[in-house]
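Using the hints, build the complex out of the two chains.
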Amino acid sequence: MSLKDKLHETKLKFQGTKMAPAFNAIHTFLYTPNETTHSGAHVRGADDLKRTMNTVILSLIPVVLFSFFNAGYQHFSAINGFPAEFNLWEHFLTWDNLVVGLTTILPLLIVSYGVGLGIEFLFAVLKGHEVEEGYLVTGILVPLIVPVDTPLWMLAIAVAFGVVIGKEVFGGTGMNILNPALTIRAFLFFAYPTWMSGDKVWVHQAVERAGTADAISGETILGYLAQGKAGEYTYSISDMFFGFIPGSVGETSTFLILLGGLFLIYSKIASWRIMVSAVIGALVMGLIFNSVVNAGWITETSKFYDLMSFPFWQHLIVGGLAFGIVFMATDPVTGAQTELGKWYYGFFIGFISVLIRVFNPAYPEGVFLAILLMNVFAPTIDHYVVRANVARRKKRATSLPNIQTAH
Amino acid sequence: MKTKLSALFLCPNFNHLVSRIMSQDIHIKKGLDIKLVGAAAREIAPATPPKNYRIQLEDFHGLTPKMLKKTGETVQSGEPLFCDKDRPEVVVVAPVSGLVQEIHRGERRRILSVDILADSEQKQVKHAVLDLHAAQADQIKSLLLVSGCWPLIKQRPYDVIAGVQTTPKAIFIAGLDTAPLAAELDFILKDQVDEVQAAVTALSKLAPVVHISAPAQGSAVFSGLKDCQLHRVSGVHPAGLVGTLINRVDPVNKGEVVWTIQAADLAIIGKVITQGIYDSSRTVAFAGANFETNQYISLKQGASLFEALKKFGLKSGSRVINGNVLTGKKSHKEGYLGFYNTTVTAIPEGNDYEFFGWNKPVTEKVSITRALTFSWLFPKKNYNLTTNTNGEHRAFVVTGHYEQVFPLDIYPMQLLKACMIKDLDEMEALGLYEVAPEDFSLTEFVCISKQPHQQIIREGLDLLQKEIG
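Those protein sequence lines, which keep their order, are chains A and B. Those letters in the first sequence? Residues 1 to 407, by the numbering used here. Those letters in the second sequence? Residues 1 to 469, by the numbering used here.
In case anyone wonders, no lab produced these hints; they're calculated from the structure. Even glycine gets a Cβ: it sits at the ideal position worked out from N, Cα and C. One thing to keep in mind: the hints can contain errors.
[Claimed, not checked] Here are the simulated DSS-like pairs of lysine-lysine, each with C-alpha atoms no more than 25 Å apart in a straight line:
id, chain 1, residue 1, chain 2, residue 2
1, B, Lys69, A, Lys395
2, B, Lys417, A, Lys394
3, B, Lys254, A, Lys394
[Said to hold, decoys possible] Where chain A lies over chain B, by a calculated footprint (3+ residues, C-beta under 8 Å):
id, region
4, 247-255
5, 292-299
6, 346-357
7, 363-371
8, 410-423
9, 449-459
Bound-form chain B, shown alone (with noise of 0.2 Å):
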C-alpha cells in the first residue's frame, strides 16, 4: 500500500492532474463579506435616457487628455472626444451623439470634465464588422483603439490604462463581484451572452491565455465560455477581485505586464466587434441604504444620475458613490455615471460624534475582532454602516489583522510601510507589481490605524512608473 501510494505522487501525471485542479478551483478563505442593507432587487426599472452626459478625467488614471473637439461643436456616440497626450492612438468615445456643452478645467487649465448635451435623434459611428475567425490580432487590436473601446483595458504593473505596444502573458477577468451591494454581472450581462463570447474570442487573439473566474455554483454568463480557461471561484470577498485570480493563476512578475478587464465591458467590445457599435448601455444597480427602493436601471457612460437617484428616492444626508463602498468614487445628488461603474451606492453620512464609542459594546457595525464588537455573532445580519471612520488616523501599531482578509501571498503591512518610504527596491521585491489599489481596499477597512492604504499603494504605484516606467 505504501509503495503503490508514493508511486502515486511520484507519477508526473499525479502531479500535474493535482496542480490542474488546484489551478482551476480556487477557494479564498482569507477575507471579508461586509454585509449591507440595500441589495438591488433583480428588476430593471424603466426610465427615459437622461439628457447630460459628463465624462470625468479622474476615472483615467495617469491619461493626459488632449481635446479633439472644442466646447460647442456636435459629436457622434462613439466618436472621440480626446486622446491621451503621450498615446494619440488612445482615445476616449462619447457615450451619445449631441453637443459638446462645456469643458472644465481646473488649476493650471488642467481639464477635469467634459460636458455633452445629448440630442434627441441619437447619431452612431458605425465601425467596419471583424470575421472574428479570420481577424489577425493587429486588426483586432485597431479596431479597438479607433472605437474608444482600448481605455477599458488595463495593465498590472500600474493598474493603469495598457499600453498599446505591449503584448501581455495573459489577460484576466473576474466573472463575479463580490465586493459589498455590487451589481450581480450574471443578471447585467444575462442578455449579452454573445457579446461577451464575442470579446473574449478576440481578446484570446491578443494574449497567449485568457484567464476568467466564475462563480463555482455556475454562472449563465461565464460558466460556458469557450477560448478562455475558466476557473470556479468561491469564497469570501475579494474573491470576486480580479487582482485575487492573477495572484492565484499566475501572478507578475519583474518585466511581465498582464491585462485586466471589467466582465461587464466586455458587452461594450463584443458589440463593438459584432456589430460595429460602441453602445456603453449597462444596467447599474443603485443600492445602499439610503435609497427608498433598490433596483437596477439602464445607464451610459457618463449619464446624469440626477433623475435616476430622485426616482430611487434618494435621503438626504447621503454619500452618493460612483461604484461599490470598498473602491468607489464620491459622487453627489448632481453626479453622473463613472466610466467603469456598474454600481451606484447611497449611505448614509457618519458625520457626528458617537458618545463613548470606543468602548462600548458594538453591534451595528462590522468588525473582524471581537474587542466588545459583536459583529461575529451575526454573520448574517445586514448592517447600515455610515462613512464614520470610527476612529482617527494613527500610526500603524496592532499586526496580524491585514493578513486575516488578505488572500495574496504578499506581506500588505510590509508592501505599505516601503511605498510610505518610497523605497523603490523593497516596493518591486515585495509584490507592488501585482496589486492595485483596489486589492487594499479590505485591509483599509479593517485597519485599527485608520491608515489610506488605497492611496499609499496609487502612490507607491505611481513613483514605480515614473522611477522604472
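Isolated chain A, as found in the complex (with noise of 0.2 Å):
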C-alpha cells in the first residue's frame, strides 16, 4: 500500500474527531487534498492559500541565507576589525561566518516556528477549524526583524502574544487587524525595550563584549545619525545597500530585500502599489527634512540635525524600511484591501515611517511603528473608497429622469 493509501485511510479514520484539524493540517502540508467541487464553478483555479504562502517564503529565502553570513560576518568584524579590502569569497561567504549564523539564527527560526504553529494547532483542534497557513509567512518573518541575539525564551512569549492576542482573538487568520509579526516585534521592543535597544544589540555578543578590550560598537547607521555621530560610521553606500551593516537579523540587504519584492510583484503575489507608493512616501519626507536643512531653520546644534540632513534616498537602504515596505506592508490581510485605497495605505507608512525615524529619541526605526498604525488606519481608508462607490450608486439612482419603478 503507498503512502497515498495510508494517509487518506488514517484520514478517514481521524474524520470527525477533534484531531482531524491537526492530522489534516501534515496531509494537506504532503498531498493536495482529494477534494472536488459541488457548487458553483466546477473548475478552480490553481492557486490556494498554501502556494500563495509559499511564493513569499520563497521570496525570503535569499534574505534568510544572507542573514546567515552577516550575523557572521557583523561578529568577527566587531572582534577583529572591518576587512581593509572587503573580498566577498574571503570575508563574508565563510565557514565561521555561517556556522555563527546557524547557531544563532536557526534556534531562532524554529522558536518562532514552534511555538506559533503549536499554538494555531492548538487553537485549530480546540475549535474545530482547519489549520490556516497565515504562520508559514509571520514564522519566517518574525526571527528576520529581532536583533541577532534576542533570547529564545523572550522570543517564545513573544510569539505567543502576538499569535493569541493579535490574531487568535480575532478569529485567527484573515480576520487580525494587526500585523502578526508585528505585533511580536512591537511586544518585545515595549516589554524588554534594554534587549531590544541601544547600539549593542544588533551584533551577536555585543553585549557580553561591552567594557572589554574587544568593545567595538555595534551601533547601526540609524543609532550613529541620531547620537548625532553621522561622521563616525564608514559604511559606504554599497555596504549600505547590499547589506554588510549591523541591524536586525534579516533586515540589512536592500539589494536582496528589492530582488525579493521584484519575485513578488512578478508571481502578482504582493501589491506593487503599495510599495511603489510607499517609496514614494519616504522619499517626500526625506525631501522635506532634506529642505528644511537647506532652508536653514535647524541648525548643527539640533539634536535632530543629522537624522534630518541624511540623504533623503539614503533612508531606503538603512534600517528596516525596505524590509517593511516588501513583506510587511503589503501583507493584504492588515493592510488597505482596495486598489484605491492600496496608494493611500502604503504612501502614508513610507512618510510616517521617516517621520517616526527622525523625531524618535528612543529608538531611531519607524517602520514597524508605521506599519501597525496604518494597519489600524487601512479600513477607514477602505471605507472611503468604498463609500465613493456608494455615494455614485445612490446618485445615479436619483439623478436618472423617467424612473420606471417596479409596481
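Put into C-alpha cells, the structure is as follows:
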C-alpha cells in the first residue's frame, strides 16, 4: 500500500474526531486533498493559500541565507575590525560566518515556528477548524526582524502573545487587524526595551563584550545618526545597499529585499501599489526634512540635525524600511484592501516611517510602528474608498430622469 | 488650436457623440478566458429524439410549484405541467406530448422533478398567431404567460423569474457567450434569425428599450437585429455575461427592474409568436475533454441525456455538467437537459491527491498569478482541468485578485462579505441589486481561499428578496 493510500485511510479514521484538523494540516502539507467542487464553478484556479504563502517564503530565502552570513561577518568584524579590502568570498561567504549564523538564527527560526505553529494547531483542534497557513509567513518574518541575540524565551513569549492576542482572539488567519509579525516585534520592543534597542544588541555577543578590550560598537547607522555621530560610521553606500551592516537579522540587505520584492510583484502575490507608494512616501518625507535643513531652519546644534540632513534616498537603504515595505506593508489581511486605498496606505507608511525615524529619540526605527499605525487606519481608508462607490450608485439612482419603478 | 479643442469638448453635441460611441462599444479587459480542450465542432450529429423527459425544479429558483397534472395523466406538448403557487398565471409547460410518468418528491413532499414519457406521435398545443405590428403589450404578455414562455424571462434584482406586474426599465440580452466551451450562439441560432427578430420586436413592446450585445467582429444572427439597441462587445469573459452588459449600459438602481433573456430562448419565444407553437428544440453543444467526440445535437428541454452521452463517448470518471463549467449544474450519465441549458460539458473528476501539489511548479492548470504557475506563458493553450478544488476552503486573505477578473463597477469582496454577515444595508449600498450569482463565477474560479462565491451571492439575493422584496 502506498503512502498516499495509507494517509487516505488514516484521514478517514480521524474524520470527525477532535484531532482531525491537526492530522489534516500535515496530510495536506504532503498531498493536496482529493476534494472536488460541488457547487458553483466546477473548475478552480491553481492557486491556494499554501501556494501563496509558499511564494512569499521563496522570496525570503535569499534574505535568510544572507542573514546567516551577515551575523557571522558582523560578529567577527566587531572583534577583528572590518577588513581593509573587502572580498565577498574571503570575508563574507565563509564557514566561520555561516556557523555563527546557523547557531544564532536557526534557533530563532525553530522557536518561532515551533511556538507559533503549536498554538495554531492547538486553536484549530480546540475550535474545530482547519489549520490556516497564515503563520507560515509570519514564522519566517519574525526571526528576521529581531536582534540576532534575542533570548529564545523572550521570543517564545512574544510569539505566543502575538499569535494569541494579535490573531487568534480576532478569529484567526484573515481576521486580524494588526500584522502578527509586527505585533510580536512590538511586544518585544515594549516589554524588553533594553534588549531591543541601544547600540549593543545588533551584533552577536556585542553585549557580553561591552566594557572589554574587544568592545567595538555594533551600532546601526540610524543609531549613529540619532546620537549625532553622523561622521563616525565608515559604511559606504554599497555596504548599506548590499547589507554588510549591523541591524536586525534580515533587514540589512536592501539588494536582496529588492529582489524578493520584484519576485513578489512578478508573481502577482504582493501589491506593487503598496510598495511603490510607500517608497514615494518615504522619499517625500525625506525630501521635506532635507529642505528644512537646506532652508536653514535647523542648525547643527539641533539633536535632529544628523537625521534630518541624512540624504533622503538613503533612508531606503538603511534600517528596516525596505524590509517593512516589501514584506510587512504588503500583508493583504492587515493592509488596505481596495486598489485605490493601497496607494494611500502605502504612501503614509513610507511617510510616517521616516517621520518617526527622525523624531523618535528612544529608537531610531519607525517602520514597524508606522505599519502598525496604518494597519489600524487601513479599514478607514477602505471605508472612504468604498463609500465613494456607494455614493456614485446612490447619485445614479436619484439623478436619472424617467425612472420606471417596479410596481 | 487650444481654444478650438476646448470648444470641441464644450460642445454638447460632441459630448453626446462621445457618450453614444462609448455606450455602444464595450471592451472588457478585466476578466479571464479559461481555455479548455473539447470545444464542440460546428456539426450537428443526427439523432432520434429521446423517449424520456424530466423537468427539474432546481432550474426554477424561487418558484414553488403547484401541479396541474397528476401522475398517469397525459399532456400535450406546450400544455401546462405546473404553475407558480404564488402567481398561478406563470406556468411551465411540457416540452413533449406524452404520459406524466412520475412526480419525484423530496423532504416534506417538496416536488423535485416531473418525468414525462414521450408519445411516438406528438400532439401540440397551438396558440393564436399574433399580428406583431398591431399587437399591444398586454396581448404579448398574456401570450407569453399562457404559452409557457414566461419562465424564460428573468429579472434583476434577485435573478428570479420576472414579476408579471412589473414594467422593466429595459430588457437585456447577451448575443455572445464567452464562457468556457459554451455553445456558439451564431451557430445554434443560424436558422432561426426570423424567430429571434420576432421575439425581439415583441419584447420591445414590453419595455422602453431592448439592449442586445453582439460580438464586435459581427454576427450573422444579432448584428442585423431591429427594434433594439445593439452594443458591440469584445474582450475576455465575462464580456458575454448579461450582467456585464447591464453594468456597462444601464445598471439597476434601487427600485428599478430589468429583464434578462438568454439569446437561445429567443427562438422559443419567436416561434410562439410567429407560429403559435411552444417548441423547445435547441441545438445543444456537447463539449469538454471527457467526450470522445464533441459535436452539437438537437434536443428539447428536459430531454434524457443518456443516449447522447453514449453517442459522444462519455468517458468513465466524468463530471457531467448541465451548462458550462463555471455556472452549470452537476448532472450525471443518466441526467436530463436543464430548462435553460444549451451546453452539456463533461470534464474529468479530480478526486485524487497530488503529492506536494501546493508548491511544485504547475503547467497544466490555469492561474492568474505567476506563483510557480505558468499558464500566463501559454495564452493560447487549451487545458484539461478537473473538478479538483486545488486546495481547501480558507478565510479571505489575498486582496486584489477578484478585481482582475471582475469588470463591474462593484467591490466584489466587500459585497461578498456583506452577504456573509447578512448586512442588508450594505448589500443594497454595494450593488447587490445589479448582480446575479453567475457574475461571481470568475471570482470564484480565481479565489485562493476557495470560497463559494456564487452560493454566497445567491443566499444574499434570497435574503434581500425576503426582507425587502
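A quick look at each hint next to the structure:
1. Restraint check for Lys69 of chain B and Lys395 of chain A: not satisfied, since their Cα atoms lie roughly 49 Å apart, outside the 25 Å limit.
2. Between Lys417 of chain B and Lys394 of chain A the CA atoms are separated by roughly 20 Å; this keeps the pair inside 25 Å, and the hint holds.
3. Annotation: proposed proximity of Lys254 of chain B to Lys394 of chain A holds, straight-line Cα distance about 8 Å (limit 25 Å).
4. Under a criterion of three residues with beta carbons nearer than 8 Å to beta carbons of chain A, the stated coverage of the region 247-255 of chain B is upheld, 4 such residues being counted.
5. Here's how the region 292-299 of chain B fares: 0 of its residues keep a CB closer than 8 Å to some CB of chain A, so the rule of at least three is not met and the hint is violated.
6. Judged by the Cβ-Cβ criterion of 8 Å, the region 346-357 of chain B is covered by chain A as claimed, because 10 of its residues qualify and three suffice.
7. Figure legend: the region 363-371 of chain B, annotated as covered by chain A; annotation consistent (7 residues with Cβ-Cβ distances under 8 Å, at least 3 required).
8. Proximity of the region 410-423 of chain B to chain A, defined as three or more residues with a beta carbon under 8 Å from a beta carbon of that chain, is established by the 4 residues found.
9. Coverage of the region 449-459 of chain B by chain A holds. Counting CB-CB distances below 8 Å, 6 residues qualify, and the rule asks for three or more.
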